[in-house]
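Given the structure of chain A, go ahead and fit chain P onto it with the hints provided.
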Amino acid sequence: MADIEAFKNRDGDLNKVEFTQVEQPGSVGFFGHMKGFWVTFSTIFKRPETIEYPEVKVPTQERFHGRHQLNRHPDGLEKCIGCELCAWACPADAIYVEGADNTEEHRMSPGERYGKVYQINYLRCVFCGLCIEACPTRALTMTNEYELADDSREKLIFEKDDLLGPLRAGMLMPPHPMYPEMNDTNYYNGDVIQAHPSQDVK
Amino acid sequence: MTTAAAVEMITVVIDGFEVSVAKGTLIIRAAEQLGIQIPRFCDHPLLDPVGACRQCLVDIEINGRAFPKPQASCTIPVEPGMIVKTQLTSAVADKAQKGVMELLLINHPLDCPVCDKGGECPLQNQAMSNGQGQSRYEGVKRRFEKPINISSQVLLDRERCILCARCTRFSDEIASDPFITLNERGALQQVGIYEKVPFKSYFSGNTVQICPVGALTGASYRFRARPFDLVSTPSACEHCASGCDMRTDVRRGKTLRRLAGDDASVNEEWNCDKGRWAFKYVTAPDRLTHPLVRNEAGDLVEASWPQALAVAAKGLKEHASAVLVGGRATYEDAYGYSKFARVALGTNDIDFRSRLSSDEEREFLASCVVGSTTTYRDIDLADRILLVGFEPEEESPIVFLRLNKNVRKRGLKIAAVASKLSIGVEKLKGEFIKVAPGQEAATIAAVSLTAKSIILVGERASESAGALSAVSALADSTGAKIAWIPRRAGERGALEAGAIGNLLPGGRPVADAAARVDIATLWSTSSLPSIMGRSSDEIIAAVHSGAIGALIVGGVDPLDGANSASALAALEKAFVVALEIAPSEVTMRADVVLPVAAVTEKSGSFLNWEGRARSFEAAVHGSLNRSDLRILSMIAQEMGSPLNLGTVTAAAQEISKLGVWEGVRVSMVPVSPEKIATLTGDQFILNSWRRLLDCGTLQKGEENLAGTARATIAVISPNRAQSMGVADGDLLKISTTVGSVTLPALVEDIHDDAIWAPRNSTGSQLLVNLGVAHGAVVTVVKI
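Protein sequence lines correspond, in order, to chains A and P. When we follow our numbering, the leftmost residue of the first sequence carries the number 1, and every step to the right adds one. When we follow our numbering, the leftmost residue of the second sequence carries the number 1001, and every step to the right adds one.
Next comes chain A alone, as it looks inside the complex (with noise of 0.2 Å):
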C-alpha cells in the first residue's frame, strides 16, 4: 500500500515494486485425489452422452430456431407477399426482400404483392426470430434444421428456392390462380383446403 502512495506522488520507481505473494491452498491430500478420479472411474459404467455425428442425429428441442421456410397455402400458393417487414426487423441486416406485382398470368401467392427475390445470409443471421414475429402472413416459420455450413459465403446467402416448403398433397405449383370464388381473406382464414382442378393451369 505504501507503494502506491509513493506512486500517486510520482517520486516512486516502477522498478521497486514488490509483488505481494498471494496464499496458495495446501495440498488436498490423498483422500482428496481419490475423490476426484472417482468420478472417472464410475463414469466407465455408465452409458456414453456421445453419438456417432454425423451418423445418428439427435432431434432438437420442438422450438429450436434453425433454418427458415417460406411455406405455402394448402393449394400451393405462397405466403409469401414480400413486404419486407422481416428485412425490417432483421437486427443483423441478413434479409433481402423485393416485392412485385401478381397478375392474372403470373400469380405467385394471393392478393396483390408476392416475393419475387427473398434472399436470407446465414453468415449473418442470428437465429433471432424476430423475423418471424414479424411476418404478418405467417409465410416465414423456421425449421429445426441446424446443419447449415459449406465452403463458401454465396452458398450460405439462401435464395427463395432453397428456403420454400416443398409441395404437399394437395398443392399446385405456382404460377397458378386463386381458388375459384375465393379471395386473399378467404386464404388467410383457411378457407382454403386444397387445390381447385381449375387451378390447375398447366
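In case anyone wonders, no lab produced these hints; they're calculated from the structure. From the three backbone atoms N, C-alpha and C, an ideal C-beta is built for every residue, glycine too. Watch out, some of these pointers could steer you wrong.
Stated by the list, open to error - Pairs of lysine-lysine residues, derived as DSBU-like cross-links and limited to a Cα-Cα distance of at most 35 Å, are as follows:
no. : chain 1 : residue 1 : chain 2 : residue 2
1   : A       : K116      : P       : K1200
2   : P       : K1280     : A       : K116
3   : P       : K1254     : A       : K160
4   : P       : K1657     : A       : K160
5   : P       : K1200     : P       : K1409
6   : P       : K1146     : P       : K1200
7   : P       : K1573     : P       : K1700
8   : P       : K1146     : A       : K116
9   : P       : K1733     : P       : K1675
10  : P       : K1700     : A       : K155
11  : A       : K155      : P       : K1254
12  : A       : K116      : P       : K1141
13  : P       : K1405     : P       : K1429
14  : P       : K1146     : A       : K160
15  : P       : K1280     : P       : K1573
16  : P       : K1280     : A       : K160
17  : A       : K116      : P       : K1733
18  : P       : K1254     : P       : K1146
19  : P       : K1146     : A       : K202
20  : P       : K1700     : A       : K116
21  : A       : K160      : P       : K1700
22  : P       : K1427     : P       : K1023
Said to hold, decoys possible - Footprint (simulated), chain P over chain A, 3 or more residues, beta carbon under 8 Å:
no. : region
23  : 90–103
24  : 109–121
Frame of chain A; chain P shown alone:
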C-alpha cells in the same frame, strides 16, 4: 405579397408559451414555430385550409371566453388574446384527437404490409404518436374493389382513403385540373374520376406524394421497395428549364423513384409527371458501356479507352472541326465543350441549339438573355405577363404552376401571342392574342406593357422571323423584363458557358477583343479564335461544302433540326466523335463513340431559366462519374492542348473565376417579319409545339407515363372546318413535299389560316414526317 411595409404581428399563448406571428397565420403553423406538433392529415401549407380530417383539434380560448368544443387548428387564424391548449396540455384536446384517430382507423384496412406508404405514412406515424394503442372496433370494415387505375400512372385504393381532400384540392387549386373529386357521402364517400374523363393531368404525381395514406400510389413504384431500402440523394431535374429541386431514391444502384424537393423559391413542393416518372432511360438495356471505334470494314467495334481517345484526337486534329452540343448538357459539361472548341479545336464553331433556331435568336440571346436575372419572384410581383412562342404547361410546367398560383391568388393578367389557344393558357384565363403563324412580330409590337411586366419568351419565338426583334424593342420601349425560357434544362447554362458561336463564357462577345483577352488570360492561352462561329445549320452546311471535316457531337438528336436528312448526311460525311449515353442516330454514323454518364450518375449543375444554379451530386455510384467534361479533357490532353478540367469541381472553380462581363453587349440588328403567304383553298400554315409527354428520348420505356399523354390531334378553326366539311374526329391528311401525317381533327379556337399538330408525338413527328414544324404552308385534305 409581403412588402417592406411592416406586417402586423399577433401574440398568442400556446401551451403556456407566448409566440408572435404575422396576422392571418393559422394556429397549427404558430404552434409549429414553437416546435409543437399538432397531428394533421388534410392540412398542407400550400393548399387552402379545409378542415376535412378533424385530426388537429385543440382547445381555444379568446380573451377569457372558451370555445365550447375543441376546434380544428388548421382552419382558425390567430387572434389577439388567444390562448390555445393542444393535446400536450389539454386532456379534452387529447381525448378529441384520439377519438378522431379511432374513427379514421375504423374503416382503414390493415394493409400496411402491402402498402407502399408503410414506413413513411403520416397515418401510421400519427396513429403511433397520437392514437390509442388498442382498437375497440370489432365490426366489418368497409371494402372496395382495389386498386383502381384513375390514370395509367396513378392507382387508387379507396379503402385506405381518409378523405382529407389533399389530392382533389391540389388538382383543383394548384394544377387547375379538377379531374378528381369526392363522390358519394358518409361512409361511402370516395375519391373518384369523372365517368368519361380519366385523371390526365401533367401534375398527377404530386397527389401521390402528398397523400397522407397509401390511397394514391404510383404504378411504376408500386411494391418496388420500402423507405428503409432507399438511399436518397438531393438532385435537380434534367427534363426542362424550370429547375425543380428533386430527391432521387436509389436501391442497389437502381433509381426507383424521384420525388419533388422543397424549394420555395423555385418549384415550391411540386414537380411535373415527366420529372417524377421519366427516369428509366438511365437503366435502359441498350446503354453504351464501352468506347466504340469504326474499323476499316466500317463496323463499330469495342475498343479500349486509350485506343478510342487516340483515334478521336487524331481525327479531330486532321480536320477543321466543329462542336454540336445538345441542350441537355450540364453547365460544367457545356463549359467543357465551349473551352474544348476554343482551346483544342481553335474555333468558335459551336452551337448548343440542336433544334429550330435562327441567327436572330443568337443575337437576341447575346443581347437580352445572357446574364439576365428575371426570377420566379419577379413573376410573383409582375402586373402583366406576355407569353411569346411559349406554352408554359407543355414547355416549362413549373412556370405554369407559378403563373397559375398568381392568377388564382391575385388575378395576374396573362396574355399569349399565339395561333392556337392552348389548354394551358385557357386554364390561366389568359388573353389569347390570335395571330397567323409567322406573323407574331407586328402583334407583339402592339401589346401595351409597363416596367413591372414580364415577357416570357420561349425557344419557339425564334421560328417566327422578327418576333424576337419585336420582343427586344417592346422591352426597350416599355422597360418590361425579358425572361427566355427554353425547353431543355441545359440551354441557359450552355449559353452562359459560351457554347454558342458569338459568345465566350460569361456572356463575353467573341467580336470584342477585350473579352477575348479576358478569357485567354483565364485559360492561359496566347489567343482565342476571333472569327464569329457558325450556327448549327451553318455547321451542317459547312460539312457538306467541305469547310468542316470533323464534328464532336454530344447529346444531339439530328431529327430535331430543320433539315434532318441533310444533318444525317453530314454526320455520314464527316469524321464524328459522339459522346452519348445510348445508341442514337448520331452514334450509328459516328467514327468514335464514347459512353458518358447520365445525369443521375454524375455530379454537376444546371442553370434553370432564371440562371439559378441547380447543382446535384451523383445519386447512383459505381459508374465512374464519367462526365462529358472529363472525356473532353482526356481528348484535349491527347491532342496536345490540355483543358485542365479533369473534374466537375475543377470546372466549377474555373467558372466561378469568370466574373461578369461589364463591357459592351451585343446589340440586336432588327429583323423584319416575312410576308404573309397567300393561301389557296386547301392550304394552311403549320403551327406546332412539343408536348410535355411525347416521343422524347428521355421518356423512353415509360409506358405508364405515356398513358397520360394528350391525344394526337390536328386542330383547325370552326370556320375552316365548316368550309371543308370537317367535324371532330374526321381524319385530316397534312402533307408537304417531304411527306404527310394523318391525324383526327379537333375543331377549336385557332387562327383561320393555321393548323396545329403536336410536334413530336406518336403519329405526328412533324420534323421527320413533314420536314417543317412552324410557319410553313401545308396542304390539308379530309380523308
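Going through the hints against the structure:
{"no.": "1", "hint": "K116(A) / K1200(P)", "in the structure": "31 Å, holds"}
{"no.": "2", "hint": "K1280(P) / K116(A)", "in the structure": "20 Å, holds"}
{"no.": "3", "hint": "K1254(P) / K160(A)", "in the structure": "22 Å, holds"}
{"no.": "4", "hint": "K1657(P) / K160(A)", "in the structure": "57 Å, violated"}
{"no.": "5", "hint": "K1200(P) / K1409(P)", "in the structure": "24 Å, holds"}
{"no.": "6", "hint": "K1146(P) / K1200(P)", "in the structure": "20 Å, holds"}
{"no.": "7", "hint": "K1573(P) / K1700(P)", "in the structure": "29 Å, holds"}
{"no.": "8", "hint": "K1146(P) / K116(A)", "in the structure": "21 Å, holds"}
{"no.": "9", "hint": "K1733(P) / K1675(P)", "in the structure": "26 Å, holds"}
{"no.": "10", "hint": "K1700(P) / K155(A)", "in the structure": "38 Å, violated"}
{"no.": "11", "hint": "K155(A) / K1254(P)", "in the structure": "25 Å, holds"}
{"no.": "12", "hint": "K116(A) / K1141(P)", "in the structure": "30 Å, holds"}
{"no.": "13", "hint": "K1405(P) / K1429(P)", "in the structure": "12 Å, holds"}
{"no.": "14", "hint": "K1146(P) / K160(A)", "in the structure": "28 Å, holds"}
{"no.": "15", "hint": "K1280(P) / K1573(P)", "in the structure": "33 Å, holds"}
{"no.": "16", "hint": "K1280(P) / K160(A)", "in the structure": "27 Å, holds"}
{"no.": "17", "hint": "K116(A) / K1733(P)", "in the structure": "48 Å, violated"}
{"no.": "18", "hint": "K1254(P) / K1146(P)", "in the structure": "28 Å, holds"}
{"no.": "19", "hint": "K1146(P) / K202(A)", "in the structure": "28 Å, holds"}
{"no.": "20", "hint": "K1700(P) / K116(A)", "in the structure": "25 Å, holds"}
{"no.": "21", "hint": "K160(A) / K1700(P)", "in the structure": "32 Å, holds"}
{"no.": "22", "hint": "K1427(P) / K1023(P)", "in the structure": "31 Å, holds"}
{"no.": "23", "hint": "90–103", "in the structure": "holds (count 4)"}
{"no.": "24", "hint": "109–121", "in the structure": "holds (count 3)"}
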